[in-house]
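Trainee: Quick mapping for you: the protein sequence lines, in order, are chains A and B.
In this text, residue positions in the first sequence follow numbering that gives the first Met the number 0: the first is 0, and each later residue adds one.
In this text, residue positions in the second sequence follow numbering that gives the first Met the number 0: the first is 0, and each later residue adds one.
Note that these hints are calculated values from the structure, not bench results.
Each hint should be verified, as a subset may be incorrect.
A pair counts as met if it fits within one copy or between any two copies, since identical chains are not told apart.
Stated by the list, open to error - With a Cα cut of at most 20 Å, we get these calculated DMTMM-like pairs of lysine to aspartate or glutamate:
1. Lys98 x Asp125
2. Lys98 x Glu180
3. Lys98 x Asp322
4. Lys98 x Glu27
5. Lys81 x Asp31
Chain residues, written in single-letter form:
There are 2 protein chains.
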Amino acid sequence: MTPATEWLRESVTHLPTRDEDAYRAVAERAADILRPSGALARLDDVAAWAAGWQRTSTPAVRHPSALIFAGDHGVTAAGVSKYPADVTSAMLAAYRAGKSTITAFAAIAGASVEAIDVGVGRPTADIRYEAAMSPARFEESVAAGRDAVDRLDADLLVLGEMGIGNTTAAAAVAAALGGGEVAAWVGRGTGIDDEGLSRKREAVREAVTRIVGVLDPFEVLREVGGTELVAMAAAIIAARLRQLPVLIDGYVVTAAAMALAAASPDALDHCLVGHCSAEPGHRRLLERLGKQPLLDLDMRLGEGSGAMAAVPLVAMACAGITDVPTFGEWFG
Amino acid sequence: MTPATEWLRESVTHLPTRDEDAYRAVAERAADILRPSGALARLDDVAAWAAGWQRTSTPAVRHPSALIFAGDHGVTAAGVSKYPADVTSAMLAAYRAGKSTITAFAAIAGASVEAIDVGVGRPTADIRYEAAMSPARFEESVAAGRDAVDRLDADLLVLGEMGIGNTTAAAAVAAALGGGEVAAWVGRGTGIDDEGLSRKREAVREAVTRIVGVLDPFEVLREVGGTELVAMAAAIIAARLRQLPVLIDGYVVTAAAMALAAASPDALDHCLVGHCSAEPGHRRLLERLGKQPLLDLDMRLGEGSGAMAAVPLVAMACAGITDVPTFGEWFG
C-alpha cells in the first residue's frame with residue numbers, strides 16, 4: 000500500500016469530530032436571534048453545522064472554493080453516453096477559460112473554481128471487463144484529491160466533476176455498495192435515449208457482476224469507479240482534516256462519497272448536499288445516506304453546479320447568526 | 000374613487016404582456032448552451048421568464064431591491080399573535096439600522112433593502128368588527144406601494160412584509176378569496192400556541208363571515224387585509240408597468256398577490272415565488288395560483304427573507320444564459 004492510499008484508509012477511520020462548543024454556541028444564539036425562534040428552520044441548522052466544522056462560533060462563507068475533478072472513462076466504448084469522450088477535454092478547457100456554467104454560477108456566489116485534470120484523455124479501463132484503474136493509478140488519484148484541497152485557502156468546499164461516462168461509473172459504485180436492482184441506479188446522464196439507457200444498464204450489470212464479493216468500498220471505487228470519483232473521496236477526507244465543510248453536488252460526487260460512508264458511518268458528517276439531481280439514482284443514494292438536499296430543482300448538469308447554487312444559502316445561514324443581533328443585544 | 004385606487008383598478012385589467020422575442024431568444028439560446036440541453040431544467044425557464052419581463056435577451060440580476068412594507072393590525076386585540084404589537088415598530092427600526100435577517104441576507108445577495116412604513120403604530124381597525132381601513136386609507140396604501148416601486152433603480156424586486164397580526168389578515172384574505180374551510184387557511188404565524196391558534200381561527204371566521212357577499216378582491220383587501228397587503232398588491236402592479244420581475248415571499252405577500260390574480264388571471268405572470276413557507280396556508284395558496292416555489296426550506300420568517308434567499312438562483316439562471324457560450328460559440 001502506497002502513502003496516499005494508506006493516508007486515505009487510515010484517515011477515514013480516525014476522523015476529527017466537530018467542535019461541539021462552537022456548534023452549541025451557534026444553536027443557542029439561533030434560539031435568541033431577533034426573529035421568532037425557529038423561523039429559519041433548516042438554515043439555523045446549517046449555520047450550526049458550519050460552526051461545528053469550521054470550529055468557530057462565528058461561522059462564515061467568505062471564500063467558497065470549488066474543485067472540479069475531470070477524468071475519462073473506458074466504459075464509453077459501451078455506448079453509454081450521448082456525447083463523445085473528447086467532450087471531457089473540451090469542458091476542462093471551458094472551465095479553465097471561465098466559459099462554463101459552473102464559472103458563471105461561481106461569479107454570482109463569489110467563489111473560486113479550479114478544474115483538476117485527473118485523467119482527461121487518459122481513460123480508465125473498461126469496467127465491464129477489468130478494474131478501472133491499477134493500485135498505482137488509484138494512489139495517484141487519491142493524492143490529486145488530497146493535494147488539491149491542501150492548496151486551498153477556503154472556508155467552504157464545493158465538489159464537482161466532469162467526465163463523459165462517469166454516471167455509468169457512479170451507477171456501478173452505487174449499485175455495488177447500495178445493492179438492490181441494478182437498473183434502479185442507472186439514469187440517462189446527460190440525456191441518452193432509450194437504447195443507450197439499455198446499453199448503460201447492461202454495462203453497469205456487467206461491471207457489478209464482475210466484482211461480486213468485493214466488499215472493501217475503496218476497492219469498489221478502484222474497480223468500477225473512476226479517477227475523479229477517487230479524487231473526490233480523498234478531497235472530502237482532506238477537507239475534514241482541514242476543518243473545511245463540504246457541499247456535495249449530484250449523483251457522481253455522492254456515489255464517491257458513499258464509499259466513505261461505507262468505510263466509516265460518520266465520514267460525511269461535515270458534508271451537506273447542495274441539491275437533488277434529476278438523475279433518479281441520486282435521490283435513492285441520498286435516502287441511503289440520510290442526507291436532505293438544500294435545493295430540489297431537477298438540475299442534472301454536474302460540474303458542481305447544484306452545490307454552487309446552494310452556496311449563497313449557506314452564506315446566508317451563517318450571516319443570519321453572526322450579522323443579526325439577539326433580542327437582548329437589540330433591546331438591551 | 001381617488002387617483003391611486005383608480006390607477007390600481009385600471010392597471011390590473013390593462014397589464015403589459017411579456018416581451019415574446021426576448022423570451023424566445025433566451026429559451027432558444029438555452030437549448031444551445033455549452034451543457035446538455037435541459038440540464039438546468041427550471042433555471043433555464045427562470046432565465047427566459049426574466050428576459051420576457053425585463054424585455055431583453057440578456058437578462059441579469061445586478062441590482063436586486065427589496066421593499067419591506069410594515070403595518071400594524073387592530074386584530075391583535077383578539078390575542079392572535081405570540082408577540083405584542085409594538086414589535087412591528089422595533090423591527091422596522093432594525094431593518095433601517097441594517098440589524099435584521101433580511102438585511103443580512105441582502106448583503107449576501109448584493110441587494111438593497113428599503114423598509115416602508117405604511118402604518119406602524121397606526122393600526123388598522125379590528126377586522127372582526129369593521130373594515131380594516133377606510134377608502135382613504137386604502138388609497139394612501141396603494142400610493143405608498145406604487146410610489147416605492149417608482150423610486151427604485153432595480154432589475155429584480157423582492158417583496159416582503161412585517162406586521163404583528165398580519166398572518167391573521169392574510170388568512171382572512173385567503174379564506175375570503177379562496178373559499179373552503181376557514182381553519183385550513185390559519186396557521187401559527189410567528190409561533191402561537193394551541194389556544195392562540197383557536198382564537199386566531201375564530202377571529203378569521205368572524206372577519207370572513209362579516210364580509211360574506213363581498214366579491215370584489217380589492218374590497219376584500221380593504222375589509223379584512225392590511226395596509227401592507229394593499230401596498231404590496233400595488234407594488235406588484237407598479238413593477239409590471241416598469242418591466243420589473245418580482246420575487247414573492249411567503250404567506251402574507253402571496254395573499255396580497257392573490258387579490259390581483261382574482262382581479263385578473265394573468266396579473267402575476269411577472270412574479271415568481273421565492274420559497275414555500277412553513278405556514279400551511281401558503282402551500283395551499285401556491286397550488287391555487289399554480290406557482291411552484293424555488294425553495295422549500297420550512298422557513299416562516301417573512302421580511303422577504305424567503306424571496307431574498309432565492310435571489311442568487313435567479314441571478315445564476317440569467318448568468319447561465321448570458322455568461323456561458325453556446326456550443327457554436329465555443330467550438331466554432
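Trainee: Confirm or reject each hint.
Mentor: Hints, verified against the model:
For a Cα distance limit of 20 Å, the shortest separation of lysine 98 from aspartate 125 qualifies neither inside one copy, at 31 Å, nor across copies, at 57 Å. Taking identical chains as interchangeable, the C-alpha atoms of lysine 98 and glutamate 180 are never at most 20 Å apart, the minima being 39 Å within one chain and 53 Å between chains. Only between protomers do lysine 98 and aspartate 322 lie at most 20 Å apart by alpha-carbon distance; the minimum there is 7 Å, versus 34 Å within a single protomer. Taking identical chains as interchangeable, the C-alpha atoms of lysine 98 and glutamate 27 lie at most 20 Å apart only when they sit on different chains, with a minimum of 19 Å there against 43 Å within one chain.
In the homo-oligomer, the alpha carbons of lysine 81 and aspartate 31 lie at most 20 Å apart only across protomers (15 Å), although the nearest pairing inside one protomer, at 52 Å, exceeds that limit.
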